[in-house]
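Using the hints, build the complex out of the two chains.
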Amino acid sequence: MENQEYIPIHQLCTTYQVEITFFNELNEVGLIEITTIAEKQCLHQDNISDVEKMIRMHLDLEVNIQGIDVVFNLLQKVDKLQEKLIATENRLRIYEND
Amino acid sequence: MAFIDYYKTLGIAKTATDKEIKKAYRKLARKYHPDVNPNDETAKKKFQEVNEANEVLSNAENRKKYDKYGKDWKHAEEFEKQRQQQGNQQQYYQGQGGGFSESDYSDFFESMFSGGMGGRSRGGSVKFKGQDFNAELHLNLKDVYKTHKRTLTINGKNIRLTIPAGVKNGQVIKIKGHGGPGVNGGPKGNLHIKFSIANHTNFKRDKNNLYATVDLAMYKAILGGDITVDTFNGKVKLKIKAETQNETKVKLKGKGFPVYKKEGQFGDLYITYKIKTPTNLTDKEKELFEELAKLR
Chain W
1 MENQEYIPIH QLCTTYQVEI TFFNELNEVG LIEITTIAEK QCLHQDNISD
51 VEKMIRMHLD LEVNIQGIDV VFNLLQKVDK LQEKLIATEN RLRIYEND
Chain R
99 MAFIDYYKTL GIAKTATDKE IKKAYRKLAR KYHPDVNPND ETAKKKFQEV
149 NEANEVLSNA ENRKKYDKYG KDWKHAEEFE KQRQQQGNQQ QYYQGQGGGF
199 SESDYSDFFE SMFSGGMGGR SRGGSVKFKG QDFNAELHLN LKDVYKTHKR
249 TLTINGKNIR LTIPAGVKNG QVIKIKGHGG PGVNGGPKGN LHIKFSIANH
299 TNFKRDKNNL YATVDLAMYK AILGGDITVD TFNGKVKLKI KAETQNETKV
349 KLKGKGFPVY KKEGQFGDLY ITYKIKTPTN LTDKEKELFE ELAKLR
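First to last, the sequence lines map onto chains W and R. Under this note's numbering, the first residue of the first sequence carries the number 1, and numbering increases by one thereafter. Under this note's numbering, the first residue of the second sequence carries the number 99, and numbering increases by one thereafter.
It is possible that some hints are incorrect.
[What the hints assert, rightly or not] Beta-carbon label-pair distances, calculated as ranges:
no.	chain 1	residue 1	chain 2	residue 2	range
1	R	139	W	88	17 to 25 angstroms
2	R	344	W	85	19 to 27 angstroms
3	W	46	R	255	32 to 40 angstroms
4	R	305	W	44	25 to 33 angstroms
[Stated by the list, open to error] To list a few chain W residues with every Cβ distance to chain R over 10 angstroms, as calculated:
no.	residue
5	15
6	29
7	32
8	62
9	64
10	73
Since the hints were derived computationally from the structure, they do not count as laboratory data. Small disclaimer: the values here were computed from a predicted structure and weren't measured. A virtual CB, placed ideally from N, CA and C, is assigned to each residue, including glycine.
For reference, chain R alone in the conformation it holds in the complex (with noise of 0.2 angstroms):
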């Protein structure tokens, strides 16, 4: 693990005092806490640096360590002990920790983070609530048209979940009881899980409703009569009034998409037409459609 300066995490000096370390940290710890950075990894990532800087430099003996031994200071101890065995033997210490394992050398700080409590939470006897675990969950828009049954294996559990019809995009649904385990008894966290709903169809979504574009011939919008549009959920005869201009809206009331816990309500689907005029017209054709011009 790369050495990190503790000093300059906390951004003061190294002659700096108790009472300036603790302000620093202080400071920071403001800052960057993750309950006032709520989903902000970068945050976090940042208050555990300034936690484990305060974790050491508060504390004088080990403070000292750090000064003399820099990122081996945990080691300390029994690299002094080793100094003493090899006599009076001339030795440098060169800050390669002499062969000591340093891959544990953050470990010891994580568990305090889990529950975003600071440095208040270890070998006290408070309880608190376990981590909340966040996790996304990837759907296309057609799984989410209906109510279904999914399972989930979140931190090696397998979690069966309802997904309700009619889920947005970056929605998230709290999971009591999902989450980490409590500290000190306390209870377990909730898992939180964000939708995260790809479109492949041919239909556009705002909250419960759907658009869609159709292509309509020139003469069944001049002329009026039948056609056959897609629905989400099937096909659908609309009748098409005479002269209709491009670009015309029409509602199709409730066939969009299910409204989220409402079982039975469907918001609407808008369709635009798109009037397509003929192309390599014979020459008959562009003869009418000349004597049509004519006439107007």
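Next comes chain W alone, as it looks inside the complex (with noise of 0.2 angstroms):
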């Protein structure tokens, strides 16, 4: 496990100024998981992107941790659904011009 890969929750707070309950509610639903290394709370890197979706949502769109939760939930569907619908696209693409 590359350490550097990982960023310190209290930095992040710092960064984007919240709070540090902000980022304990969102790891109680599930929504990102704290890991701890060396006794500090972090965060892998690649939840940035997420962590910043939810940190404008809350903030800008004035939704709480549950309502963030359900947005996410729906955004992985859509993003299966159109997944799926490449998929479909292109396999229709076998029976075209025959």
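Shown next, in the form of structure tokens:
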């Protein structure tokens, strides 16, 4: 495990100007996974993009943690449906011009 | 630039209170925010309009100017000054801007949408990742049969990209750090490249498998024999069993398309035989077929 890939939560709180409770609540509902490294709570860098989205939803749109959870679940469904749609369209090409 | 009715954009009356403006903005922002409408250009545009309307109407001073001067509200002070300089001479404002440039009218608002951050980003010190760029790359099926390098020009910058064999039509790959610059020292955004793959070959593709139809002479189908068929990377010899039926499918294992990011792995090629019956038969051929028919 590369420690450099993990960012301490307190650093994220300073960067994004949000309370640590925000990250703890996201962790509780399973939207992020907080990892403890050298007694510091950290987040993997691959989650940053999603976390930024969650912060924007929370601060810009006043969506609470439960709301963010619902939105993210629905967005995941949309992603899966879009993937399915592309795969189906590609498959349909087999029968085109027959 | 055409006049935009900000009140109409937010769906409120001109008499709306600050609370009503905020409420209308929040409702529309939740509906059209880019984070909840990924890859939706219409929603993004709508969100920009809503944000622009809110920026003006939620600021008491700006709103006052907008109410008085309409589309030229930003030049209100210059306009007032000019009016004063012209003394007591009667002037009627007809909403034409008095020669002021209005080309930069919406530029003021553009910067704040780049990261999909709503109106919070301006002037703040919060670090955010830069805007993710989206690009579409058009390739032919033959191009993606082998891993190859390609140089793309994105926003004036050349990016050398390795395109792995087997990439699928509609697939999106992410290239970290090639998006827009970060806000307030945040990291750069990513570049998302969507592949649009045109197929001009005789093969149909479904994921890693390829499909093709091959014409088979009737005599070969009945008596059996050898034929040579095209695969994606050359010709192969196939044995035709005697009494092969029309629409018979054969699978050529490993002769399909390369599996994405799995070196040396390939899908299969499915060949469907289309049996062609002879035409323009001679009298002798007809006679022989009739004889054959009597035997059945």
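Hints versus structure:
1. The beta-carbon spacing between residue 139 of chain R and residue 88 of chain W, approximately 23 angstroms, falls within the hinted interval of 17 to 25 angstroms.
2. Here the CB-CB span from residue 344 of chain R to residue 85 of chain W is close to 34 angstroms, at odds with the stated 19 to 27 angstroms.
3. In this structure, residue 46 of chain W and residue 255 of chain R break the distance hint of 32 to 40 angstroms, their C-beta atoms being roughly 24 angstroms apart.
4. In this structure the supplied range 25 to 33 angstroms holds for residue 305 of chain R paired with residue 44 of chain W, their Cβ-Cβ distance being about 30 angstroms.
5. The beta carbon of residue 15 of chain W is not kept farther than 10 angstroms from every beta carbon of chain R, the shortest such distance being approximately 5 angstroms.
6. In this structure residue 29 of chain W is separated from chain R by more than 10 angstroms, as the shortest Cβ-Cβ distance comes to about 17 angstroms.
7. Residue 32 of chain W, annotated as away from the interface, keeps every beta carbon of chain R farther than 10 angstroms; the closest lies near 16 angstroms.
8. For residue 62 of chain W, the requirement that its beta carbon stay farther than 10 angstroms from each beta carbon of chain R is not met, with the minimum near 6 angstroms.
9. Remark: the non-interface label on residue 64 of chain W is consistent with the geometry, its nearest Cβ contact in chain R lying 12 angstroms away (cut-off 10 angstroms).
10. A cut-off of 10 angstroms between C-beta atoms confirms that residue 73 of chain W is not in contact with chain R; the least separation is 12 angstroms.
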